[in-house]
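Since chain A is already given, all that's left is putting chain B on it; use the hints.
In order, the protein sequence lines correspond to chains A and B. As numbered in this note's numbering, residues 1 to 301 make up the first sequence, in order. As numbered in this note's numbering, residues 1001 to 1486 make up the second sequence, in order.
Calculated directly from the structure, the hints in this document are not laboratory data. Think of the CB as a built atom: it goes at the ideal place given N, C-alpha and C, for glycine as much as any other residue. Some clues are possibly wrong.
[Said to hold, decoys possible] Within a straight-line C-alpha distance of at most 30 Å, the following computed DSBU-like cross-link-like pairs (lysine-lysine) qualify:
#1 Lys166(A) <-> Lys187(A)
#2 Lys1048(B) <-> Lys148(A)
#3 Lys1048(B) <-> Lys146(A)
#4 Lys2(A) <-> Lys1264(B)
#5 Lys180(A) <-> Lys1478(B)
#6 Lys1072(B) <-> Lys1144(B)
#7 Lys1478(B) <-> Lys148(A)
#8 Lys195(A) <-> Lys1478(B)
#9 Lys146(A) <-> Lys1478(B)
#10 Lys136(A) <-> Lys1478(B)
[Claimed, not checked] Taking beta-carbon pairs under 8 Å as the criterion, some of the chain A residues facing chain B (in silico):
#11 Met1
#12 Ser3
#13 Phe4
#14 Phe11
#15 Ile15
#16 Thr147
#17 Ile154
#18 Asn155
#19 Pro156
#20 Lys157
[Unchecked claim] What follows is a set of in silico ranges between Cβ atoms, one per label pair, in the way DEER data are often shown:
#21 Leu1027(B) <-> Leu8(A): 17 to 27 Å
#22 Leu8(A) <-> Asn1443(B): 21 to 31 Å
#23 Gly1043(B) <-> Lys227(A): 51 to 61 Å
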Amino acid sequence: MKSFIHVLGLFLIPIFSYCLFSLFLIPILQEWRFGPNTEQQISQSFSNAINKDYDILILGNSRIYRGINPDFLIRKAYNFSHDNDSYNQMFYKLKEVLKKKEIKLLIIGVDYFQFSFISNTRNYVYYDYFDSEYQKDFEETNISLKTKYLIQLINPKRIIEILKSKGTISILKENGQYIKPGIANEKQLSFNSMKMLPLQKRYFNEILKLCKLNNIDFFLLMPPSRKKELDNFTMNEKKKFNSFISKTASKFGGKYYNFSNSNDFSMSDFTDITHLNEKAADKFTKIVNDSIKPFIITSHP
Amino acid sequence: MLFNSLEFALFLPLVFLIYWYLFHQKLRLQNFFILIVSYVFYGWWDWKFLTLIFFSSLVDYSIGIALNKYEKPITRKLLLWLSVGFNLGLLGFFKYYNFFIDNFISAFTFFGNPISINSLNIILPVGISFYTFQTLSYSIDVFKRKISPTKDFIAFAAFVSFFPQLVAGPIERASNLLPQFFKVREFSYQNSVDGLRQILWGIFKKIVIADNCAEFVNIIFNNPSNFTSLSLIAGAILFSFQIYCDFSGYSDIAIGVSKLLGFKLMQNFAFPYFSRDIAEFWRRWHISLSTWFRDYLYIPLGGSKGNNYVKIRNTFIIFIVSGFWHGANWTFIIWGLLNALMFLPLLLGNRNRKNLEFTNVNRTTIKLKEMFSIVRNFMIVSFAWIFFRAENLTSAINYVKLIFNTSLFQLPKGFVFASTNLHPILLLLLLMFFILTEWAGKNNQYALENLGMNWARPKRFALYYTIIFFIFAFQGSKQEFIYFQF
Chain A
1 MKSFIHVLGL FLIPIFSYCL FSLFLIPILQ EWRFGPNTEQ QISQSFSNAI NKDYDILILG
61 NSRIYRGINP DFLIRKAYNF SHDNDSYNQM FYKLKEVLKK KEIKLLIIGV DYFQFSFISN
121 TRNYVYYDYF DSEYQKDFEE TNISLKTKYL IQLINPKRII EILKSKGTIS ILKENGQYIK
181 PGIANEKQLS FNSMKMLPLQ KRYFNEILKL CKLNNIDFFL LMPPSRKKEL DNFTMNEKKK
241 FNSFISKTAS KFGGKYYNFS NSNDFSMSDF TDITHLNEKA ADKFTKIVND SIKPFIITSH
301 P
Chain B
1001 MLFNSLEFAL FLPLVFLIYW YLFHQKLRLQ NFFILIVSYV FYGWWDWKFL TLIFFSSLVD
1061 YSIGIALNKY EKPITRKLLL WLSVGFNLGL LGFFKYYNFF IDNFISAFTF FGNPISINSL
1121 NIILPVGISF YTFQTLSYSI DVFKRKISPT KDFIAFAAFV SFFPQLVAGP IERASNLLPQ
1181 FFKVREFSYQ NSVDGLRQIL WGIFKKIVIA DNCAEFVNII FNNPSNFTSL SLIAGAILFS
1241 FQIYCDFSGY SDIAIGVSKL LGFKLMQNFA FPYFSRDIAE FWRRWHISLS TWFRDYLYIP
1301 LGGSKGNNYV KIRNTFIIFI VSGFWHGANW TFIIWGLLNA LMFLPLLLGN RNRKNLEFTN
1361 VNRTTIKLKE MFSIVRNFMI VSFAWIFFRA ENLTSAINYV KLIFNTSLFQ LPKGFVFAST
1421 NLHPILLLLL LMFFILTEWA GKNNQYALEN LGMNWARPKR FALYYTIIFF IFAFQGSKQE
1481 FIYFQF
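With the rest of the complex left out, here is chain A (with noise of 0.2 Å):
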C-alpha cells in the first residue's frame, strides 16, 4: 500500500505542478496578451454600473457590448452589456441595477438570434452577481462551473493560444463599452437560428414590465449586421420577428429601431462576421443618438 501511494505521489508531482503553475500563471498571461478575462470584466461592469451616474443604461449581447460607444449619447449612460447576454441575463443585470438606483432611459440590444439561445458560458462569474432565483434556469451548480472554469484554465491550449497571439489586447473602457481589435474577412460565417424559447420571450416581458413599473422608457435597438449574418434568415422570418419586437414595443411604450440592414456600414466597419469595430460603434452610436434625440429631449430635457 505504502510503495503504492509512494509510486502514484511520485506520478502526479509533476501534474500537481503543471495544474498549480497553470491555475496561477495563465490568468496573468491572458490579461497581458489578452486584455481584460471575463471575471475581470464583469467585476469592473458590474461596480462601474452600480456606483457610475448615468441616466441611460444599455443592455444587450456582444454586438451592443462592442457597438455601442456611451460617449456619444446625449446624456450620461452605460454600457452594461457582456458577450453571450440574453434576455434572463439582461434582466437580472437591470434588476441588480434598480436595486441600488434609479433609471430613466434604457437600451436594449435585440437582435434575430436573440431570443435563440441560454448561455451558461459566463455563469461561473454571474452566479456570484445575480438574485439566486438566477440559477433556477440552469441545471449546473456553481460548483461545477467553477470546477470547470479551473479546467479550462490548465488546458494546455491556452498555453498553445497565448503564445501564439500576436498581442491584439482588448479593452474596457470606463463607460462599458468594450474594444476587442480584428480584421473581417469575406470567409467568415456565422450560423445562427430565430428560434423563439419560451424562457427569453419571458424574460424579454419581464424586462419590459420592469422598465413600467419604474417608469423608464426604453428603446429596441438592433445594430447593423454583415449581410452574411441576415442570410441566415428568410425574408418572411424577419417580417414575422420585426413585427413581434414592434408590438411588444408598442405594448409596453418603448420604440423599436432596426439598423441590421443599414447601408452606412460595410465589411470593413466590422471586425469579425457579426461585430462593428471601434470606429464604426462611435458612427453607429451617433446614429442611433440622432435617432432616440428627439424623444429624450421632450420626455426627459
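Coordinates of chain B only, in the frame set by chain A:
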C-alpha cells in the same frame, strides 16, 4: 455522481483511503462502507430513488431466502415469478409506462376509436435497467440452485448497489460478484496499478474520443438535410466511435475502480469493432447484457437448437428484447430488428460461430481479406447505429434516405464544424491513435493492459503523461454517459 466529474475525483481517493486504511481486513465493515458510499454515489443524482434500490434489494434478498426455505416446486415457482414480476414491474412502470400508453392511444386513434389515457410525468431512475437485471439474475440463479442465497443483507445490498457498476454496468451475475463480498480482500499493488491504467484509458475514451465525436454527431444528426451524403456517413461512423468509447469507457472506469477496491468485474467489451461478422460483434459488445439475455432468455427458449422456425423466432425475440431494453422508443426496437436480420443468415448457414478466435492473435499485421471483413462489419454495425441514435423513426428513415441521394460523391463541407472544440483533422488523428492503441492491445482485457509493461518506468510514465496531456488538451465538451438514460 458522474465518473467524469470533480465530485468523483474527490470521492474516489477518499473512499480508497478509508476503505484500505480504516477497514483493512474488516470484511463486514468494508461491506457496510461500500453500501454507504454506494448510496451516497447514487443519492448524489437523486436521493429519493434510494428507497427504490433499497426496496428492490430487500425484496430479492427475502425471495432468495424464501426460495431456499421452501421445497415445494409450486411455491418456489410462485416466488420466482414474484421476483420477476416485481423487477420487471418496476422497470415497466418507470421505463415503459408512457411508451405503452402513447402507443395504445395511437393504435386506438388509428382504428377510429380515440381514447384518452393520461401519460405520467415519470422520471427514469438512473441505472434501473442495470440493477433490476442484476437482482433478477440472483433470484433466477437461486431458484435454479446455481447459487445459495445469502443471509447477510448488508453484503447483498452492497452487491446490488456496488457503486462502480451500479448505474451503467457491467451487469454482474451474483455467482461472480456476490462471493467476492464474503472473501477478505487484500490490497494488491499490481491490481491497483492495473485499475488506475484501466481508469486512465476509460477516461481517455470518454473525454477525448466520445465527447469530441459527440459534438460532430450532434451537429450532423440535428440537421441532416444540411449535409452531403459523405458527411452523413461520417456522422454515422463517428457515432459508432462515440457510443463505443462512451460505453466501454464507462465500463473501463467501473472495472478499474473495482480493482482499486479489490474486486474483479467481468469484461464488458472485447474490441467489438475488430469483429469480422455480426455474430462475433455480439460476442464482443456489451458482453454482460448479451450473456444475460443468452442465459436467461435465449437458452430457456431453446436457443439455436431445434428447427429453423425456432431459431428464427428466438433470434428475433432476443434481439428485439435487447433493443427494447435500451429504451422505450421504436428506434431501439428497429435497431434490434436490424441486428437480428443481419445475424440470421449467419445462424441459418451455421456460420455464426466461425470467428471465435480473435483476428490476428499473434500478429500485429492484418491480411487484406480480414481487413475487408472488419471494415464491412463495421459499416453494417454503423448503419444500424443510425436507428439507435435518431430521435425517432421518421428522423432515422430520413437520415438513411439522405445518405442515398445525388450528393453521395460530394466532399463534406468543413465550415459547419466551426463551433466544435476540435478541428476535424485533429479528431481524425486522435481516432487513429485510438484505433492503433486498441489494435496493439486487442489480445488483452483492455488496450493499455500490457502496453509498455516491459518498458523502463520513465518511458512508461511518458506514455501515461501523453494520454493525460491528450485528456487535458483535447477534452470535448462534457456529455453525460449515453447509457445513463437506459
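The hints, checked one at a time:
1. Lys166(A) <-> Lys187(A): At roughly 21 Å apart (the allowed maximum being 30 Å), Lys187(A) and Lys166(A) satisfy the hint.
2. Lys1048(B) <-> Lys148(A): Distance ~27 Å between Lys1048(B) and Lys148(A) Cα, so the pair holds.
3. Lys1048(B) <-> Lys146(A): At roughly 27 Å apart (the allowed maximum being 30 Å), Lys146(A) and Lys1048(B) satisfy the hint.
4. Lys2(A) <-> Lys1264(B): It holds: about 22 Å lies between the C-alpha atoms, which stays within 30 Å.
5. Lys180(A) <-> Lys1478(B): holds, 29 Å
6. Lys1072(B) <-> Lys1144(B): holds, 13 Å
7. Lys1478(B) <-> Lys148(A): holds, 9 Å
8. Lys195(A) <-> Lys1478(B): Status holds; Cα separation ~24 Å.
9. Lys146(A) <-> Lys1478(B): Holds, at about 14 Å.
10. Lys136(A) <-> Lys1478(B): holds, 21 Å
11. Met1: holds, 5 Å
12. Ser3: Because about 6 Å separates Ser3(A) from the closest Cβ in chain B, which is inside the 8 Å limit, the hint holds.
13. Phe4: holds, 5 Å
14. Phe11: holds, 6 Å
15. Ile15: holds, 7 Å
16. Thr147: holds, 4 Å
17. Ile154: Ile154(A) check passes; min Cβ-Cβ to chain B is 6 Å, inside 8 Å.
18. Asn155: holds, 6 Å
19. Pro156: holds, 4 Å
20. Lys157: Because about 6 Å separates Lys157(A) from the closest Cβ in chain B, which is inside the 8 Å limit, the hint holds.
21. Leu1027(B) <-> Leu8(A): 17 to 27 Å: The hint (17 to 27 Å, Cβ to Cβ) holds, given that Leu1027(B) and Leu8(A) are roughly 25 Å apart.
22. Leu8(A) <-> Asn1443(B): 21 to 31 Å: Between Leu8(A) and Asn1443(B), where Cβ atoms are some 27 Å apart, the hint holds.
23. Gly1043(B) <-> Lys227(A): 51 to 61 Å: holds, 54 Å
Of the numbered hints listed earlier, not one is contradicted by the structure.
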